[in-house]
Amino acid sequence: MARPNYILLRGIMGSVGVGDDDWWDEIDSSDEWQRGVYYFLCSCYSFVAFVAMVQLVRIQLRVPEYGWTTQKVFHLMNFIVNSLRAVLFGLYKHVFSIKPKALEMTLLDLPGLLFFSTYTLLVLFWAEIYQQARSQPITKLRPTYYTINGIIYFGQFCIWLYAMAKPSHIAIEISRIFFSVISFAAALGFLIYGGRLFVMLRRFPIESRGRQKKLYEVGFVTATCCTCFLIRCLVDSIAAFNEKADVDVLEHPILNLIYYTSVEIVPSSLVLFVLRKLPPRRVSDQYHPIR
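Just so you know, the sequence shown maps onto residues 12 to 302 in our numbering.
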């Protein structure tokens, strides 16, 4: 789980005259604030998970004759990611006191990895549409997606093993750098394929049916996901090279509220809203089952 940069955000808030150290310390050490914020985050994640599951059921009822399409897998993974987050924040007192540290890292980092896989699935889908529109082969796209995700999960697993064998702050630093790199790669993927698809759609004739709606959909999702992953990249980069910035999640409720709301809850909600349209009852050329 990416952790918010306490020093950076606290400095920004202080520079604009929002509170002082006593105000921050009072909130950070308040059991009431911690309980209220983490239960609020739990509720928000539960709501997003519920929306994703409802949409998955609606899609299944609309096209029951098809298997696990890209759209169905995307909503299922959204449900899993947000459900895990909801459980972690709902049981925050137990989660953040788990020993050894490597087990705590595993529980907190896993939803971040699944979030990466969930939203890069959109990059894969757009890449397939773009390649097909240009009459280029798409046979290597899915194997590449699976290979990249396999390498990432294996790399993170190795970091967890290292943290278990040698409990130290170095393992946390490596994990932060690792998450920073994959977050930047995800943002780059959205920028490349989302941008290419957006430009391609703009070249369609004005009277093309659904052109404006698709332009809005691709442009909005690309901008939202790019911003989300770039924020994660920035926060993890700073935390990796500044020990004081890599704070205990439990002790900084307001910063966690700002961070997780801005990089997961709001982006997920917006993307699910934009992609709420159900598929046509007859499969289209752009609606592909997962193979």
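For the record, the hints were derived by calculation from the structure and aren't laboratory data. Careful: at least some of the hints might be erroneous.
[As the list claims (entries may be wrong)] Only pairs whose alpha carbons sit at most 27 Å apart, straight line, appear in this in silico DSSO-like list of lysine-lysine:
{"#": "1", "residue 1": "Lys177", "residue 2": "Lys104"}
{"#": "2", "residue 1": "Lys112", "residue 2": "Lys224"}
{"#": "3", "residue 1": "Lys112", "residue 2": "Lys177"}
{"#": "4", "residue 1": "Lys225", "residue 2": "Lys151"}
{"#": "5", "residue 1": "Lys83", "residue 2": "Lys177"}
{"#": "6", "residue 1": "Lys151", "residue 2": "Lys110"}
{"#": "7", "residue 1": "Lys225", "residue 2": "Lys177"}
{"#": "8", "residue 1": "Lys110", "residue 2": "Lys288"}
{"#": "9", "residue 1": "Lys288", "residue 2": "Lys224"}
{"#": "10", "residue 1": "Lys151", "residue 2": "Lys83"}
Outcome of the hint check:
About 25 Å separates the Cα atoms of Lys177 and Lys104, which keeps this hinted pair within 27 Å; it holds. Pair hint Lys112 plus Lys224 does not hold up; C-alpha atoms about 47 Å apart against a cutoff of 27 Å. About 10 Å separates the Cα atoms of Lys112 and Lys177, which keeps this hinted pair within 27 Å; it holds. Pair hint Lys225 plus Lys151 holds up; C-alpha atoms about 25 Å apart against a cutoff of 27 Å.
Using a Cα cut-off of 27 Å, the hinted pair Lys83 and Lys177 is violated, with the two alpha carbons roughly 40 Å apart. Restraint check for Lys151 and Lys110: not satisfied, since their Cα atoms lie roughly 42 Å apart, outside the 27 Å limit. Note on Lys225 and Lys177: the hinted pairing is violated, with a Cα-Cα distance of about 50 Å set against a maximum of 27 Å. Distance hint between Lys110 and Lys288 is unfulfilled; the C-alpha atoms sit about 44 Å from each other, more than 27 Å.
Taking the CA atoms of Lys288 and Lys224, the gap is near 11 Å; set against the 27 Å cutoff, the hint holds. In summary, the hint linking Lys151 to Lys83 is supported, as the alpha carbons are separated by about 21 Å, within the 27 Å threshold.
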